[in-house]
Amino acid sequence: GDSVTQMEGPVTLSEEAFLTINCTYTATGYPSLFWYVQYPGEGLQLLLKATKADDKGSNKGFEATYRKETTSFHLEKGSVQVSDSAVYFCALFSSGGSYIPTFGRGTSLIVHP
Amino acid sequence: EAGVTQFPSHSVIEKGQTVTLRCDPISGHDNLYWYRRVMGKEIKFLLHFVKESKQDESGMPNNRFLAERTGGTYSTLKVQPAELEDSGVYFCASSQGSRTEQFFGPGTRLTVL
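So the protein sequences, as listed, match chains A and B. Just so you know, we're using my numbering here: the first sequence kicks off at 143 and counts up by one. Just so you know, we're using my numbering here: the second sequence kicks off at 4 and counts up by one.
Any given hint might turn out to be false.
[Claimed, not checked] Each pair of labels, with its calculated beta carbon distance range:
| no. | chain 1 | residue 1 | chain 2 | residue 2 | range |
| --- | --- | --- | --- | --- | --- |
| 1 | B | 104 | A | 218 | 17 to 25 angstroms |
| 2 | A | 172 | B | 61 | 37 to 45 angstroms |
| 3 | A | 162 | B | 102 | 25 to 33 angstroms |
| 4 | A | 211 | B | 23 | 46 to 54 angstroms |
| 5 | B | 75 | A | 158 | 23 to 31 angstroms |
[As the list claims (entries may be wrong)] The calculated SDA-like cross-link candidates involving lysine to any residue, where the alpha carbons are at most 20 angstroms apart (straight line), are:
| no. | chain 1 | residue 1 | chain 2 | residue 2 |
| --- | --- | --- | --- | --- |
| 6 | B | 44 | A | 223 |
| 7 | A | 191 | B | 100 |
| 8 | B | 47 | B | 5 |
In short, the hints are calculated from the structure, not lab data. Predicted model only: the values in this text are computed from it and were never measured. We put the CB at the ideal spot given by N, CA and C, even for glycine.
Could you put together the complete structure from these sequences and hints?
Structure follows, in structure tokens:
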């Protein structure tokens with residue numbers, strides 16, 4: 143079945159550092175790929191998405207590129223802020239059948255001033 | 004516009020007790036989903052309502068879990084009797100269509116002692 147693997151956390155960075163959170167997936171067909179973010183005390187929010195190979199999703203300075211050849215969708219940001227501290231979830235939606243996402247385990251990001 | 008709300012935000016109960024979680028979806032959203040995240044693991048799908056009908060309950064772990072959606076509005080998820088392994092964060096999400104973006108609530112953190 144479908145699966146998503148994320149790097150273990152927590153990831154601890156200083157403000158303005160470069161961020162990468164790795165995400166790889168296993169799926170049949172051509173899934174859509176998503177990053178969700180959960181800020182403390184809030185619900186999951188869609189951060190960005192990509193629906194086909196080589197697409198780049200971007201939002202709030204974050205980017206991720208759908209790499210079919212490496213089955214990856216790594217999240218990057220050039221300069222993190224304290225306000226980016228949150229838990230980040232990589233997810234895929236299968237290309238056929240139900241629209242139920244398969245999530246990764248989540249990666250906690252802590253950004254220090 | 005109000006988002007998805009969940010009540011309570013936290014619940015601590017003893018093994019064998021009953022707990023009822025509530026989710027109020029975004030007004031007008033026919034689709035309502037329940038998910039669960041056990042500590043440090045993936046967010047797992049539990050079930051999907053379309054209006055008041057259960058569309059997919061393949062993720063429900065066992066018959067100790069009962070979900071209802073009265074009149075196609077709010078939904079409740081009852082755990083009876085609760086076991087230690089039921090501890091985790093229960094998320095609710097809603098969407099207009101079954102293949103459109105899901106909006107998540109903040110979750111209910113359930114601790115079973």
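Verification of the hints:
Look at residue 104 of chain B against residue 218 of chain A: about 23 angstroms separates their beta carbons, and that is inside 17 to 25 angstroms. The given range of 37 to 45 angstroms is broken by residue 172 of chain A and residue 61 of chain B, whose C-beta atoms sit roughly 23 angstroms from each other. Distance hint check: the CB atoms of residue 162 of chain A and residue 102 of chain B are about 31 angstroms apart, consistent with the given range 25 to 33 angstroms. Between residue 211 of chain A and residue 23 of chain B, the C-beta spacing of about 48 angstroms keeps the proposed range 46 to 54 angstroms intact.
A hinted range of 23 to 31 angstroms is violated for the C-beta pair residue 75 of chain B and residue 158 of chain A, which are about 48 angstroms apart. The suggested pairing of residue 44 of chain B with residue 223 of chain A is violated, with an alpha-carbon distance near 26 angstroms, which exceeds 20 angstroms. A distance of roughly 18 angstroms separates the Cα atoms of residue 191 of chain A and residue 100 of chain B; the hinted pair therefore holds under the 20 angstroms criterion. A C-alpha spacing of about 25 angstroms is found between residue 47 of chain B and residue 5 of chain B, which places the hinted pair above 20 angstroms, so the restraint is violated.
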